[in-house]
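A.B. asks: Protein chains in written order, with this note's numbering: chain A, 1 to 263; chain B, 1 to 313; chain C, 1 to 449.
Derived by calculation from the structure, the hints in this document are not laboratory data. C-beta atoms are modelled at their ideal positions from N, C-alpha and C, and glycine is treated no differently. Some hints here could point you the wrong way.
Unchecked claim - Just so you have them, the derived chain B footprint on chain C, three or more residues with Cβ under 8 Å: (1) 17-30; (2) 82-88; (3) 290-301; (4) 312-318; (5) 360-369; (6) 391-397.
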Amino acid sequence: MLIIGERINVITKTQREAMQKRDKGPIQEMAKNQVRCGAGMLDINIGPAEDDGEGLMDWMVKTVQEVAHVPLCLDTTNPAAMEAGLKAHDNTWGRAMINSASGEEERLNCMMPLAGKYNSLIIGLTLNKQGIPALAEDRCAIAAEIMGKAAECGVPMEDIYLDPLIMPVPFSQEKSLESIRAIRMFKELNDPPMKTVVGLSNISNGAPKELRPLLNRVYTALLMYEGLDSAIIDPLELEMIQVIKTTDILMGKTLYAHSYLEM
Amino acid sequence: MAFVVPKDTYNGRVFEVEIGTGAKAVKIGGENTLPFLTFEGEVPNMPVIAHEIQDVLPEDWPETVQAAYKDVSGDPVKWAKHCQDNLGAQVIALRLLGTHPDRQDRSPEDAAKTVSDVLAAIDVPLIILGSNHAEKDAQVLRAACDAAKDRNCLIGKAQEANYKTIVAAAMASGHKIIAMSDLDVNLAKQLNILITQMGFDKEKIMTDPMSSALGYGIEYTYSVMERIRAASLNQNDATMSPPIVNDIGMYVWKVKETMASESDLPAWGSLEERAIGWESTTAVGLMMAGSDLLIMRHPKAIETVRKVVAELA
Amino acid sequence: MALSGVEIFKHLPKTNCKKCGFPTCLAFAMKLAAKQASLDVCPDASEEAKSFLGAASEPPIRGITIGVGDKALKVGEETVLFRHEKKFVHPCGFALAIKDTDSDAEIDAKAKSVEESEIERVGQHLRVELVSVLNMSNDPAKFAAAVARVAAAAPSAGIILATENPASVEAAMTHVSGKKPLICGANAENVEAMVNLAKYAGASLAVRGDGIDAVVELTEKVVGMGFKDIVIDTGCRKAKDMVEQYTQIRRAAVKKGFKPLGFPVITCAFNDDPYMEQALASVAIAKYASIIVLSDISKWKTLALMSLRQNIYTDPQVPMQVGQNVYKVGDAKPDSPLMITTNFSLTYFIVLGEVENSKVPSWLAVMDVEGLSVLTAWAAGKFTAAKIAQFIQESGVENSVSHKELVIPGYVAVLSGALEDKLPGWKITVGPREANALPAFLKNKAASA
Chain A
1 MLIIGERINV ITKTQREAMQ KRDKGPIQEM AKNQVRCGAG MLDINIGPAE DDGEGLMDWM
61 VKTVQEVAHV PLCLDTTNPA AMEAGLKAHD NTWGRAMINS ASGEEERLNC MMPLAGKYNS
121 LIIGLTLNKQ GIPALAEDRC AIAAEIMGKA AECGVPMEDI YLDPLIMPVP FSQEKSLESI
181 RAIRMFKELN DPPMKTVVGL SNISNGAPKE LRPLLNRVYT ALLMYEGLDS AIIDPLELEM
241 IQVIKTTDIL MGKTLYAHSY LEM
Chain B
1 MAFVVPKDTY NGRVFEVEIG TGAKAVKIGG ENTLPFLTFE GEVPNMPVIA HEIQDVLPED
61 WPETVQAAYK DVSGDPVKWA KHCQDNLGAQ VIALRLLGTH PDRQDRSPED AAKTVSDVLA
121 AIDVPLIILG SNHAEKDAQV LRAACDAAKD RNCLIGKAQE ANYKTIVAAA MASGHKIIAM
181 SDLDVNLAKQ LNILITQMGF DKEKIMTDPM SSALGYGIEY TYSVMERIRA ASLNQNDATM
241 SPPIVNDIGM YVWKVKETMA SESDLPAWGS LEERAIGWES TTAVGLMMAG SDLLIMRHPK
301 AIETVRKVVA ELA
Chain C
1 MALSGVEIFK HLPKTNCKKC GFPTCLAFAM KLAAKQASLD VCPDASEEAK SFLGAASEPP
61 IRGITIGVGD KALKVGEETV LFRHEKKFVH PCGFALAIKD TDSDAEIDAK AKSVEESEIE
121 RVGQHLRVEL VSVLNMSNDP AKFAAAVARV AAAAPSAGII LATENPASVE AAMTHVSGKK
181 PLICGANAEN VEAMVNLAKY AGASLAVRGD GIDAVVELTE KVVGMGFKDI VIDTGCRKAK
241 DMVEQYTQIR RAAVKKGFKP LGFPVITCAF NDDPYMEQAL ASVAIAKYAS IIVLSDISKW
301 KTLALMSLRQ NIYTDPQVPM QVGQNVYKVG DAKPDSPLMI TTNFSLTYFI VLGEVENSKV
361 PSWLAVMDVE GLSVLTAWAA GKFTAAKIAQ FIQESGVENS VSHKELVIPG YVAVLSGALE
421 DKLPGWKITV GPREANALPA FLKNKAASA
């Protein structure tokens, strides 16, 4: 499964301050650590970045790729910043991913054409103006719209990563299962099956600190079983990486050897 | 309905491993698609065949294949030159069978001398094989590695019981390694992991899944190979991406079909053709499953396999 | 290959009427894709939707039978590309080509060699199943005569009428009436005539085109004429083309559900060099051909090909086994050594081979442990002291062996004490762990006896 590292974001104090001061150190340190722990892609979350978003995104992409030779997941709602990031992205190690488009018309209409223009991958959140649908089937209906727009913009189905959106189990326990069902249904929307992604840690949002890792790990295994292709997680959490490797083995996606955890 | 060629896309590729030095060095592997499917990928190197010779007279080889080398097989140097100069061998595999404790029990030093003598006589790459006695092989191959320094040989075989010594020796003298496990894809992966954890470059290994003769387990080898190749190409599993080597002569020329006379078994037809065909069919079958390097004995079987390789290019 | 929800959705009314019990047509389509619902519950489904979905549930490669009776050959119905995914379903068939321009004596001899081609290997009967009569003369009468000769001399073989001349097919038909021959075959010019002949004769029909696209056009035409018992020949005769084209065809049929290629493949491995013909046939066996025509079936050549076919088509989940018995190896006498091993065919062959290599005549008792190797059988509780004792006692071995010493495989040395208890009067000797040490062991035993 593709691991997208989530640790470079505006919410974390050290990272946010580094971004504000244009201080490479903490950002590059975190980038290298995440890759070392198994991240195949790094999420670069600069937030809405209303103040010089383009400059910031350009600087972030170059700073991170200077030391981390992986593709980046560009995480912002600012379309100009998104475009700046796509322009600056070095595709040597893989194409960039737009995080994200959604079923909400305005967002879909400004982000999807960028994927077509820059030949990038793109995450499609299956929510719309009315919010996150209750049923997996309704998420599929939004997915179908996203896929329709993609076809219009010349974006291949293989480049879309559908995200069913995860609701925290402390507040909406009954919804946890629905997101898992949605992953299974998304896969069936096309041949070859559509790709999927989730922002994992939301499942444990609001739970006591010591419970969060456990909830995250088990939920990951369940989602992987239904066909999750990638997840935005903290790669530095060793036990999570071990669960991912073990699930890949149990599902026959990686060939078994006694030393599989060391690979 | 229009036919669209169904192309698969792959995430990984087989490593390209070079053996030998100078103009006659040979590259093995490097493909990024299933065997010979150039319509959807690249096959930079076609399968290579190595001629097998031994350090002692091959008295236990069936008559059909002994006869092919009767004038040269008493002297490994003569034998090697014959294969290179007269039979067009691209690679030679020297099996140090004489070092087996149940055979002549030759010493590592004597074996090393044979290696040096053979190397002095040829310029094609050399594969150096032990007698398949785990403990003795560790000493013999260590001595052989040293004697063969600077010639970039392929040393085999490192197995679970003896890989540490052999890998260390190969690392010290800059050789490539054959890693062999018992017809099990997971064990094959584990051995490659253990070898790389010693610091040995994963791109200097070749995987020997343990070959079997046609009619005597070839399908086990065949499927292990297909699964190894799938892990490499579909799962981008670097530990399963070394090229695959099949040492088939030693398994083929033990079976009844290469020895029983036509008078004993009329339903089996002519012995000589049957035996040669048994070796070439084993080779062709395994090439379909992904063999990158084949170690073979009979010149006529080798000639046939070469023709097939030419037709597959 | 499954149809996706979106593909099915395209054929639904898209009214979201909910009569099927699902909230939307898209939701219903997903259920259909997962085979968790049936199209029957949609009252407004069109005829087109019904036939579309019906076609999607047929096997990806049509099953074709050539010949009748217990020696009939069935091919096709394959579902995978790799034998480790799932057993290949029907082993391919071999055909010997006989020219109608051969002399009568030659035709008789060749047909007879097919009739007598059967050998036994690991409990299975392997043979050359078919004869392909080639209409080299293009003369219907000569062709019919040749077919008649072949049918008489090789009554068990299925017949391929290899001609592109409909008149020749018509002439020869009477001699294979009711015998489900294969007509080989139809091309762009004669396809209508050939289809009619095939329907009339109850035969299957091979279509020959130059390359995959030409074959696709032809099969679509033939299916359009209401005939589906098709075998396909893309005309390739070289190893590279076979590997590429037959892989593409198998993939298209099995992974993409591409119906125009959902038929078994026939090929020819002809080559003047017999080793090359054997090699080409080997390529074809491994790479998805269903019928392989050979120019010659010398015993040495077909032994290897039948073994390779047997090996490739073995069920990877079910080990090959030999029959439980006490086998005589060489000129064994009552005082010759008696050894025991398991009935996994590989174990049997390897042990037998080493015993033969030793040149020490012996008795080899092979016990049925459902095809497991020695260690596996022991671990699974099938090769225990009690069971071995029972086998020996019931085997009637006393009729052949005068002594009471049993050599057991080295890997189950732990059983020797318990075995001596259960076989009173018997001496248990522990043999080597590896079969390749048997010659030395047996020679030492003979020397010290």
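A.B. asks: State for each hint whether it applies.
C.D. replies: For each hint, the structure was consulted:
Counting residues of the stretch 17-30 of chain C whose beta carbon lies closer than 8 Å to any beta carbon of chain B gives 0, which falls below the threshold of three, so the coverage claim is violated. Here's how the stretch 82-88 of chain C fares: 3 of its residues keep a CB closer than 8 Å to some CB of chain B, so the rule of at least three is met and the hint holds. Counting residues of the stretch 290-301 of chain C whose beta carbon lies closer than 8 Å to any beta carbon of chain B gives 4, which reaches the threshold of three, so the coverage claim holds. Using a Cβ-Cβ cut-off of 8 Å, 3 residues of the stretch 312-318 of chain C lie near chain B, which meets the minimum of three, so the contact claim holds.
By the rule of at least three residues with a Cβ nearer than 8 Å to a Cβ of chain B, the coverage given for the stretch 360-369 of chain C is violated, with 0 such residues. Only residues whose beta carbon comes within less than 8 Å of a beta carbon in chain B count, and the stretch 391-397 of chain C has 0; fewer than three means the coverage is violated.
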